[in-house]
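Q: Here is what each chain is made of, one letter per residue.
2 protein chains.
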Amino acid sequence: MLVNSIELINFRNYSSRKFQFNNNLNLIIGNNGQGKSNLIEAIQFLSISKSIKTNISLELIKSGCIESSIIAEITDDDSFKNSIHIKFNNRGKQIILNNKLLIKSSDLLKTFNTVYISEEDINIVSGSPVERRRFLDGFLTKTDFEYMDNLKQFKQIIKQKSKLLKEEKINRDILVLYNTKLIGINKIIIKKRRKFLEYVKENIQNYLENKFHHIKNKKVEIIYTNTLNNENDEKEMVNKEIKYRECLYGAHRDDFSINFQEKNVKKYMSLGQKRLISFILKLSEKDYLIKYKKINPVILVDDAFNGLDDQTIKITEELLQDSLQKIVTTTNKNKLFSNINSEINEIEIKENATI
Amino acid sequence: MLVNSIELINFRNYSSRKFQFNNNLNLIIGNNGQGKSNLIEAIQFLSISKSIKTNISLELIKSGCIESSIIAEITDDDSFKNSIHIKFNNRGKQIILNNKLLIKSSDLLKTFNTVYISEEDINIVSGSPVERRRFLDGFLTKTDFEYMDNLKQFKQIIKQKSKLLKEEKINRDILVLYNTKLIGINKIIIKKRRKFLEYVKENIQNYLENKFHHIKNKKVEIIYTNTLNNENDEKEMVNKEIKYRECLYGAHRDDFSINFQEKNVKKYMSLGQKRLISFILKLSEKDYLIKYKKINPVILVDDAFNGLDDQTIKITEELLQDSLQKIVTTTNKNKLFSNINSEINEIEIKENATI
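Protein chains in written order, with the working numbering: chain S, 1 to 355; chain F, 1001 to 1355.
The set of hints was computed from the structure by calculation and includes no laboratory data. This one's a predicted model, so the numbers in the text were calculated from it and none came from an experiment. Glycine included, every Cβ here is placed at the ideal spot set by N, Cα and C. Check before you lean on any hint, since a few could be wrong.
As the list claims (entries may be wrong) - Here are the computed lysine-lysine pairs in the DSS-like style, where the Cα-Cα straight-line distance is at most 25 Å:
#1 F:LYS1093 <-> F:LYS1053
#2 S:LYS267 <-> F:LYS1053
#3 F:LYS1267 <-> S:LYS50
#4 S:LYS243 <-> F:LYS1166
#5 S:LYS263 <-> F:LYS1350
#6 F:LYS1235 <-> S:LYS166
#7 S:LYS161 <-> F:LYS1161
#8 S:LYS266 <-> F:LYS1050
#9 F:LYS1243 <-> S:LYS155
#10 S:LYS163 <-> F:LYS1159
#11 F:LYS1293 <-> F:LYS1152
#12 S:LYS163 <-> F:LYS1169
#13 S:LYS62 <-> F:LYS1218
#14 F:LYS1181 <-> F:LYS1152
#15 S:LYS235 <-> F:LYS1166
#16 F:LYS1335 <-> S:LYS333
#17 S:LYS240 <-> S:LYS187
#18 S:LYS266 <-> F:LYS1350
#19 S:LYS267 <-> F:LYS1062
#20 S:LYS159 <-> F:LYS1243
#21 S:LYS166 <-> F:LYS1163
#22 S:LYS267 <-> F:LYS1050
#23 F:LYS1053 <-> S:LYS266
To be verified - If you want the footprint, here are the derived chain S segments under chain F, 3+ residues with CB under 8 Å:
#24 163-170
#25 309-321
Excised from the complex, chain S in its bound form (with noise of 0.2 Å):
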């Protein structure tokens, strides 16, 4: 897949301005606050057909302005070219693919698909079990129908439970009602996650062994806690929920962890190992999409090179030496890609934005 070209229309700091991206590597070069990641964002929502960033979108038209629009080129891995148009005011947001309004706007995804890898990234690695869920959910839902049905299943079960067990009486029976549905679809949320993340473990092996000679050790394990499995004592877990009146059990608290060397990640790893190694976990979104999806992803990188040593950052973009598209944000072209021969098409972003 590619975006040829992307006009941005009252979008963010952007009054109006037309991007061209080349096949392979563009490098959007700026200081901090022109407007490099709101391009990136522009791109991400041509696939999800939502901000990353935001759920309201009023946040997205620029200041003062009553509509905005994001008109963009694309090449779908048939090779068909398509246009869209994202428009958004403060009635709602339309979306048209080939003139035509398209009322699912998830079928956008269909159509376009992107991979972002951004600084916040570490946020998987090194956050709140919440972080580490929403990457996983946000993945599997994405690629995954049956799984995005069955996380919106149980989430609308655990907002019944969550209101019961906040009652001045709870109704035991019904509360049992409700675990026994949950077992089942917690079942399948887990199975599926487990499986991605078993190919995530298998990727992050694969990298490290093939690309990173100079880290000796490489035994990577990724150990997925489930708090609700076949071994939970029922009438213990309902106590339980009851005394704490809260929902205790299920996929919305189950968390994974990483571990290098036998060493948890999150405890044991400098800022700087754990960017890299949440990177790589990116990476493997990307590469779970060509090997299974058989979708080739355009590629976006925000900022997501900060606090490498100059080594790993070689390494890191030697990773991204393939025939996909990419779109990378830097503050400073001369430390990014300077020993690559590719063609790499500049585009220097000066938009005197917010600061």
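Keeping the supplied structure of chain S fixed, place chain F upon it in accordance with the hints.
A: Okay, now just chain F, sitting in the frame of chain S:
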């Protein structure tokens, strides 16, 4: 204050290593995962007598060892030299100040103070309210013992109240009693938080006006949002808390937001800009200590320049041009302080640690 030397024995990835520091700028240079942050963690330990990274002392002991030591010579603001020896093993932690066992470990703060600036400070700006309260409480408990006492009491009442709210039959009278107690303490906490934030605001404003000439509009606001104040309808509050069975009102739920040019920093600013603002937030801690507490802290800067453009890095480096002692980590010695003429003590670290 100065840290003249520090010796680490079986601490994190160090078996045994001694470091000497000069009185102004010390640059700790090393690749990812060599132990730069571990050294900073040890220096910070000398001040707050616990780790900034973990509450579990055992995680600090080098793998395979049973005991760890930090031994340091420091100079306090009255130019007295002090020796600190901190020892920890699976039985606990011992702090020996000038060859005498220290009973109250918080007494170290009277001898040695640091301000710790790190890449992760960006979470103060872009993270959840928890991170912002941690910033406020972290600084205020360190510098204001009345605040520390009040916060401790406050947390205790919230804990009791939470427990009460989970009971099947909630005793309304006790709830109201707790709330009466809370209101008084809440007032003190908020007043001190607001006062500190007022200082922080003025300080950011000063920095922007005097140092960042390329930024045109510089209006900064910090807005503290409190959930419990005089206008709350007490009865309504109680009803709502009983319905949700949670402590919804009080300093433990408060937050603040930073506006720049009437735009919310968290929502509208780029990562680089947020990093800069969080950097200045932390410099405000330093300025506050000097101005109101007559303390000259040691400044620890751990990987805090990532993602800043060259111009901003230059200004940020200039902000660190004072007579305080500074210990700064970096992966590349050529990138930082290349334009500064003051004497730099370069310490290279290559311990071949975790990766």
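Q: Go through the numbered hints given earlier and state which of them the structure violates, listing their numbers in rising order.
A: none
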